[in-house]
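J.: Residue-level listing of the chains:
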Amino acid sequence: MRSNDVLGIIYSHSYDESIPELTNVRTMASVPFGCRYRMIDFPLSNMVNSGITQVGVITKSHYQSLMDHVGTGKPWDLSRKREGMFILPPFNNASPFGNHDNRIQSFVSIIDFLRRSRHEYVVLTDTNTIYNFDFADLFKFHTKSEADITVVYKHGKRPILDNIMVMNMNEETKRVGEITLSPNGNDEVDYSLNIILLRKSLLEHLVQSSFCLNHNNFERDVLQRNVKNLRVFGYEAPGFSALIDSLQSYYEVNMQLLDPKNRRTLFDPKNQIHTKICDNVPATYSYDCNVKNSLIADGCIINGTVENSILFRGVHIAEGAVVKNSIIMQGSVVSRDSKLNCVITDKDVSITPGKNLSGDTAYPIYLGKGISV
Amino acid sequence: MARKMECIAMLLAGGQGSRLGILTKTIAKPAVSYGGKYKIIDFPLSNCVNSGIYTVGVLTQYQPLVLNDYIGNGEPWDLDRMDGGVHILSPYQQIEGTEWYKNTANAIYQNINFIDKYDPEYVVILSGDHIYKMDYSQMLAYHKEKEAACTIAMLEVPWEEASRFGLMIVDDDGTIKEFEEKPEKPSSNKASMGVYMFTWEKLRSYLLDDEADQNSSNDFGHDLIPAMHKAGEKLVAYQFDGYWRDVGTIDSLWASNLDLLSPSTGLNLDDPNWKIYSRSPSSPPQYISDTAQVQNSMLAEGCQVEGKVDFSVLFDNVTVEKDAVVRDSIIMPGSKIKSGAVVKYSIVAENTVVEEKASIGKRPEEVDMDTWGITVIGSNITIGKNVCIGANEMIDSDVLEVAK
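Protein chains in written order, with the numbering used here: chain A, 1 to 373; chain B, 1 to 404.
Mixed in with the good hints, there may be bad ones.
Unchecked claim - Footprint (simulated), chain B over chain A, 3 or more residues, beta carbon under 8 Å: (1) 195-202; (2) 278-284.
Stated by the list, open to error - Here are the simulated DSBU-like pairs of lysine-lysine, each with C-alpha atoms no more than 30 Å apart in a straight line: (3) A:Lys-261 - B:Lys-385; (4) A:Lys-60 - A:Lys-144; (5) A:Lys-270 - B:Lys-336; (6) A:Lys-200 - A:Lys-81; (7) A:Lys-60 - A:Lys-81; (8) B:Lys-338 - A:Lys-292; (9) A:Lys-270 - B:Lys-146; (10) B:Lys-4 - A:Lys-270; (11) B:Lys-177 - A:Lys-292; (12) B:Lys-322 - B:Lys-275; (13) A:Lys-81 - A:Lys-154; (14) B:Lys-385 - A:Lys-324; (15) B:Lys-357 - A:Lys-270; (16) B:Lys-144 - B:Lys-185; (17) A:Lys-339 - B:Lys-308; (18) A:Lys-324 - B:Lys-146; (19) B:Lys-177 - B:Lys-117; (20) B:Lys-25 - A:Lys-261; (21) A:Lys-324 - B:Lys-336; (22) B:Lys-182 - B:Lys-4.
None of these hints come from the bench; they were simulated from the model.
Every residue gets a Cβ at the ideal spot worked out from N, C-alpha and C, and that includes glycine.
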């Protein structure tokens, strides 16, 4: 990949509203995922592992936890004098378009950042998607197809989100003939994961001209409108990928990590997903604990039973406690003889002794940050 | 001239640690793995930053490659600083010629220029072979309060073990009256921990004297401190109560790792106020499968367990396959224990593969107690299918065939 020709742009608040529970105190990019990660770790690590050296992170609101997580970009090797990571917060004074209410406005307000970068191409990504593949292959496909725009897609049930692009492609060439936005129906379709590669000059041109016409929907007014004039191609995400569109799917995608097949591509040892380092101690398993089919992070202390669950850093499971089919986030404590089934606890939740909480795999119970039950 | 520092640390990390055998064949002792995700040197380095000492010279000599890589710019310990920070100090060429570090005191002598650059009042001398959490700032306060030339950290050890240590006879106000080096009949159980706080001005002049003395072996414990004592300098002992282990032997390294599994031993690494920092690799979370049975153990990130793990410490990215058993053992990063293999009372070093149905180590009850010992498997080797390695062995190359 002429990877240092590509500038990365990450949209940190994409679809915040789809999981209001988790984004109440944070933005989509800093939603905890998979024991020790935050959602932004996936696009950031993909970019860095693919050789991208400059990344802009567009933020809108609630981004304190995101800033805390990414810091200077050091864990991703993006703390640099030359290039590196740039946080692009809303620039609200003077400029009438200076907030990030929609993508077109966002791009207009970061146009200087785009212009200043020396890169020829841009890859745009959201943060509600999980994947691990080499963008170099995407870049190769883009060049080989002589594409103007390449959109990464996944085949499956359409996510329940606004503005999700469903693409109709030529089976051979993968050229997109038609884009529909969030069509009805439950069929399996090819939907966009919103990883989009194009020339920076083209992005600038498209965004500027849409902005002048007072257009405000990137998917409709930029991509759908131009699908016939431009060569738009689809590229299927290789390996494990997922898009989170609700608390329910957040739960399911976490649980999919228990399948070794999914972990093999997502946690490819050659292309590791990097995250902030916390210096926790290794996990401790007591004499009479019982752990089955679970993913456990550093700093956990397990004295009870844990099955089919995801435990984030520093979770304590007391003696006699039983945790099944649950996601327990950082610093939460499940006390003696409590039983949890299909529960998502946010960070620092405390379950006092003898409680019994049970949701359903189709409708997990969610406990907000810091709640004590 | 760098900004003046009140106290800087000099960490002696050049030792080979020959008693660790093949574990230190290609790495220096302070770079030996410990406790699931650490290296021994993480303890003194973390103690330094937790005690507010941000200038640390690390003296390396034996096999420094891994250690230098590991320390890097010191960022994991917050020791990448504008002033001070961590510095690797290797022996270097001088006008008079090139000299290796002859001994502990000589190593510091050769770096007088480094210390002078920071113009410190005090210098604390540390070694890279001990596991302990200690606040050097309290020791420094004690040193100042006593107006001592040298303060030696001291630990009361069980009387029956006292003869293995350098001992001190201390009077009521903490002043050291006499030293005893590994005596047959100890008259004290107060052992030196190898942590020395010096007033730099004093240490500097004794280092010059020591170097000039042809008969000196240039060792702190043997020569320099006794010389100070003889000259009537005030030497005091600073009592430390807490977990402290010299992990310089296979047995002590093994036992000290397993101490982490018994809360009663007093070593708690899960202390937010006294974190032990380390350079962590990026690894996915650990996975415990349906068929796994993990008990009384400590596991680091990236481990995959499908077999049985009992009373063991598994470092990052260790795999224990289905029907494999790991018991009373230490498995270092990246090693694979394949299906049906059994590892007991052993230390398996980094990136080694134990093939199917191999058997490593023995329980003390299974063999004659006189010949029993911990088995050590070196790094980056393969133990073949069905191969059986007994107790008290040290293996540093592939064993692929079953012995006839």
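J.: Look at each hint and say if it fits the structure.
T.: Verification of the hints:
1. 195-202: It is violated, with 0 qualifying residues against the three required.
2. 278-284: holds (count 6)
3. A:Lys-261 - B:Lys-385: 26 Å, holds
4. A:Lys-60 - A:Lys-144: 36 Å, violated
5. A:Lys-270 - B:Lys-336: 18 Å, holds
6. A:Lys-200 - A:Lys-81: 22 Å, holds
7. A:Lys-60 - A:Lys-81: 25 Å, holds
8. B:Lys-338 - A:Lys-292: 19 Å, holds
9. A:Lys-270 - B:Lys-146: Distance of about 56 Å is beyond 30 Å: violated.
10. B:Lys-4 - A:Lys-270: With a Cα-Cα distance of about 44 Å, the restraint between B:Lys-4 and A:Lys-270 is violated, given a limit of 30 Å.
11. B:Lys-177 - A:Lys-292: 59 Å, violated
12. B:Lys-322 - B:Lys-275: It is violated: about 34 Å lies between the C-alpha atoms, which goes past 30 Å.
13. A:Lys-81 - A:Lys-154: 36 Å, violated
14. B:Lys-385 - A:Lys-324: 37 Å, violated
15. B:Lys-357 - A:Lys-270: 29 Å, holds
16. B:Lys-144 - B:Lys-185: 33 Å, violated
17. A:Lys-339 - B:Lys-308: 25 Å, holds
18. A:Lys-324 - B:Lys-146: Violated, because 58 Å separates the two Cα atoms, which is more than 30 Å.
19. B:Lys-177 - B:Lys-117: Roughly 34 Å separates the two Cα atoms, so the pair is violated.
20. B:Lys-25 - A:Lys-261: 38 Å, violated
21. A:Lys-324 - B:Lys-336: 29 Å, holds
22. B:Lys-182 - B:Lys-4: At roughly 39 Å apart (the allowed maximum being 30 Å), B:Lys-4 and B:Lys-182 break the hint.
Violated hints for the displayed structure, listed by number in ascending order: 1, 4, 9, 10, 11, 12, 13, 14, 16, 18, 19, 20 and 22.
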